[in-house]
Amino acid sequence: MSDKYIIQIKNLTKIFGDGVEIKALDGVNLDIERGEFLSIIGPSGSGKSTLLNLIGILDTPTSGTVLLNGVDVTKMSDKERSRTRNRELGFIFQYHHLLPDFNALENVMMPLLISGVKSSKAREVARKVLDEVGLGDRMEHRPNQLSGGQNQRVAIARALANKPSIVIGDEPTGNLDSKASGNIYELLRQLNREHNQTFILVTHDERMAAKTDRIIRLVDGRVAENSINSG
Amino acid sequence: MRPVYELYIAIRHLTSRRRQTIFSVLAVGLAVMGLMWSQALMVGFTDEMYSKTVDRMAHVTVEPKEDENYIHLYRKLTEDITHIDGVVGVSPVLAGAATFEYKGKNKNVAIQGIKVEAHDSVLHINDDIVEGSFRDLEVTPNSVVVGDALAEKLGVEIGDTIDASFPEANPAALKVVGIYDSGTPLDETIAITSLSTAQDFLDVSNVVTTILVRGDDRERAQAISEEIDTMGYPASGWKETNPEIIQTLKLEGTSNTIIMSLIIIIASFGIVSTLFMAVMEKTKEIGMLMAMGVPRRSIMIIFVMESGILGLLGAIVGVMVGAALAIQMGSYDYGMEVMAGISSIPFVVRIQDAVIIVLFTFLLNLIAGIYPASRASKLKPVEAIGRE
Numbered sequence: 234m235s236d237k238y239i240i241q242i243k244n245l246t247k248i249f250g251d252g253v254e255i256k257a258l259d260g261v262n263l264d265i266e267r268g269e270f271l272s273i274i275g276p277s278g279s280g281k282s283t284l285l286n287l288i289g290i291l292d293t294p295t296s297g298t299v300l301l302n303g304v305d306v307t308k309m310s311d312k313e314r315s316r317t318r319n320r321e322l323g324f325i326f327q328y329h330h331l332l333p334d335f336n337a338l339e340n341v342m343m344p345l346l347i348s349g350v351k352s353s354k355a356r357e358v359a360r361k362v363l364d365e366v367g368l369g370d371r372m373e374h375r376p377n378q379l380s381g382g383q384n385q386r387v388a389i390a391r392a393l394a395n396k397p398s399i400v401i402g403d404e405p406t407g408n409l410d411s412k413a414s415g416n417i418y419e420l421l422r423q424l425n426r427e428h429n430q431t432f433i434l435v436t437h438d439e440r441m442a443a444k445t446d447r448i449i450r451l452v453d454g455r456v457a458e459n460s461i462n463s464g
Numbered sequence: 028m029r030p031v032y033e034l035y036i037a038i039r040h041l042t043s044r045r046r047q048t049i050f051s052v053l054a055v056g057l058a059v060m061g062l063m064w065s066q067a068l069m070v071g072f073t074d075e076m077y078s079k080t081v082d083r084m085a086h087v088t089v090e091p092k093e094d095e096n097y098i099h100l101y102r103k104l105t106e107d108i109t110h111i112d113g114v115v116g117v118s119p120v121l122a123g124a125a126t127f128e129y130k131g132k133n134k135n136v137a138i139q140g141i142k143v144e145a146h147d148s149v150l151h152i153n154d155d156i157v158e159g160s161f162r163d164l165e166v167t168p169n170s171v172v173v174g175d176a177l178a179e180k181l182g183v184e185i186g187d188t189i190d191a192s193f194p195e196a197n198p199a200a201l202k203v204v205g206i207y208d209s210g211t212p213l214d215e216t217i218a219i220t221s222l223s224t225a226q227d228f229l230d231v232s233n234v235v236t237t238i239l240v241r242g243d244d245r246e247r248a249q250a251i252s253e254e255i256d257t258m259g260y261p262a263s264g265w266k267e268t269n270p271e272i273i274q275t276l277k278l279e280g281t282s283n284t285i286i287m288s289l290i291i292i293i294a295s296f297g298i299v300s301t302l303f304m305a306v307m308e309k310t311k312e313i314g315m316l317m318a319m320g321v322p323r324r325s326i327m328i329i330f331v332m333e334s335g336i337l338g339l340l341g342a343i344v345g346v347m348v349g350a351a352l353a354i355q356m357g358s359y360d361y362g363m364e365v366m367a368g369i370s371s372i373p374f375v376v377r378i379q380d381a382v383i384i385v386l387f388t389f390l391l392n393l394i395a396g397i398y399p400a401s402r403a404s405k406l407k408p409v410e411a412i413g414r415e
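Chains as they are written, first to last, in this note's numbering: chain A, 234 to 464; chain B, 28 to 415.
Rather than coming from a laboratory, the hints here were simulated on the basis of the structure. For each residue, glycine too, the CB sits at the ideal point set by N, CA and C. Where hints are given, some of them may not hold.
[As the list claims (entries may be wrong)] Using C-beta positions, here's what the derived DEER-type ranges look like:
id, chain 1, residue 1, chain 2, residue 2, range
1, B, Phe-296, A, Gly-349, 33 to 39 angstroms
2, A, Asp-264, B, Val-31, 36 to 42 angstroms
3, A, Ser-352, B, Gly-357, 43 to 49 angstroms
4, A, Asn-302, B, Phe-303, 37 to 43 angstroms
5, A, Arg-426, B, Lys-405, 36 to 42 angstroms
6, B, Lys-405, A, Asp-410, 25 to 31 angstroms
7, B, Arg-39, A, Glu-357, 17 to 23 angstroms
8, A, Asn-459, B, Phe-296, 52 to 58 angstroms
9, B, Phe-296, A, Lys-256, 40 to 46 angstroms
[To be verified] When the alpha-carbon atoms are kept at most 25 angstroms apart in a straight line, the in silico SDA-like pairs for lysine to any residue are as follows:
id, chain 1, residue 1, chain 2, residue 2
10, A, Lys-351, B, Ser-43
11, A, Lys-396, B, Val-31
12, A, Lys-361, A, Asn-429
13, A, Lys-312, B, Arg-323
14, A, Lys-243, A, Thr-307
Sequences and hints are given; from them, build the entire structure.
Written as structure tokens, this is what we have:
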């Protein structure tokens, strides 16, 4: 069964704050299939990003489990978590968070270097991925020499460089105008089809969400809607 | 081998914030330069002190056996000592007291009867002669060489004859055949004669009061004196006979090193504060590195490396500039006396000092980097990346 589901979330709860407690997630159950392209929506403070951070092993839950390929990530050591983030997960944030001191190519190479790939091989792979996101001619530019949309493409290339099984996007187009935003969506969709990677996107944009395979709507830390998009 | 991306990131951080990097390197460099320079001065000064004092005295002094006034079988003993490893000079000396009188002027002096060649091999007395010659002591019977100060006190010149007397001594008329200047207060009190003249005057035969020994290296004194001890005669190295020399030099060296090390520590803490700023500035970046799979340990390594590289660069620059400065100043002749009897500052740049200073500074900066680095490594990725 864990073959079908790449992510299985059981009874996941996250409480923030000491003193005044805020229940960001309240007993969330969710299974995600391999190769799915799904969106998580909901009002501000509904727990979308918290859920995403827990799936991305960037944070630890108060209770409950997250199984990634059948392995409980909440019980991992820092080293195992780092290794899993590096090999299995790609992150795209609202802001690109590229390393400002490195050019586009070097930024995309970074996850590969971290995983121990030789620099010449990493360069080759990074070039290919940058080509794929349409930035083949901007490789030597640093983030401050690129537009918002271009930087976001570099960030996507970086997220994909290590061929992760899951790509996580937290408002990946939230900082872009609607044209750039539409282009980025098309790019993600295309990559999803070509590589059969699982995409999980948190978004405010209902129109974008409507184009994904499945919509998870969170309200007050609970799953309020879990609907398959037919069209 | 796996590529060291930590070093790659650390170096890029340093080259990107060029101005902070240059200032940090300069701060450490200045402090290290000061330490290198003052260390070179200290070593040079110490060496100079040794050659002005220790190298002019006997490395080892042999005395009569307990309860005896004289060393009786000194010829045999001298012979034996000559064969000890590292001994380059052995001089039997008969010392006694005398009153010198010349044209109504009196002066109490210490008389030393020597064998000129042997004595020169231990104390290089020939270097100090300003008039006449020590060698004449051996050819002219009843002759004496006096210090310049003593000569002045008595008003004697070469060729004059001094009346020497003392209770229980055989009065003698000693002809001045030489005047020496050792630059020490002893020039006023010591008069040197041949061993036989001294023996006649003091009315003893075939005895000496001390045997002076020189080794090929002043640090060998201890070993030589221990060997002589086994021959049955009490011997002591220059460190035992003059403990104050060692203490003075050690004290000055230690306080100097402590002060300079403190300056380097302060400079290194300057690096800690720049590093803290860098960690604050790079919070988001650190969060992103963690998201990309950089473990906490590697985050720590990146920032410790940055501190270490700054320290190492500063140390190398500082040591090179400090050494160059010392060599430059050391070779300059000031044309006047800057220190007792020398006209240039005696800097000595030693490779081992440079290596120790570089290692010390590098290690210190690695240690100093640990705190900001551990702060960076303890950031929580979610909080570091932030929401906005």
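The hints, checked one at a time:
no.: 1; hint: Phe-296/B / Gly-349/A: 33 to 39 angstroms; in the structure: 35 angstroms, holds
no.: 2; hint: Asp-264/A / Val-31/B: 36 to 42 angstroms; in the structure: 40 angstroms, holds
no.: 3; hint: Ser-352/A / Gly-357/B: 43 to 49 angstroms; in the structure: 47 angstroms, holds
no.: 4; hint: Asn-302/A / Phe-303/B: 37 to 43 angstroms; in the structure: 39 angstroms, holds
no.: 5; hint: Arg-426/A / Lys-405/B: 36 to 42 angstroms; in the structure: 41 angstroms, holds
no.: 6; hint: Lys-405/B / Asp-410/A: 25 to 31 angstroms; in the structure: 38 angstroms, violated
no.: 7; hint: Arg-39/B / Glu-357/A: 17 to 23 angstroms; in the structure: 21 angstroms, holds
no.: 8; hint: Asn-459/A / Phe-296/B: 52 to 58 angstroms; in the structure: 56 angstroms, holds
no.: 9; hint: Phe-296/B / Lys-256/A: 40 to 46 angstroms; in the structure: 44 angstroms, holds
no.: 10; hint: Lys-351/A / Ser-43/B; in the structure: 24 angstroms, holds
no.: 11; hint: Lys-396/A / Val-31/B; in the structure: 21 angstroms, holds
no.: 12; hint: Lys-361/A / Asn-429/A; in the structure: 18 angstroms, holds
no.: 13; hint: Lys-312/A / Arg-323/B; in the structure: 8 angstroms, holds
no.: 14; hint: Lys-243/A / Thr-307/A; in the structure: 12 angstroms, holds
Hint check: a violation occurs at hint 6 only; the rest are consistent with the structure.
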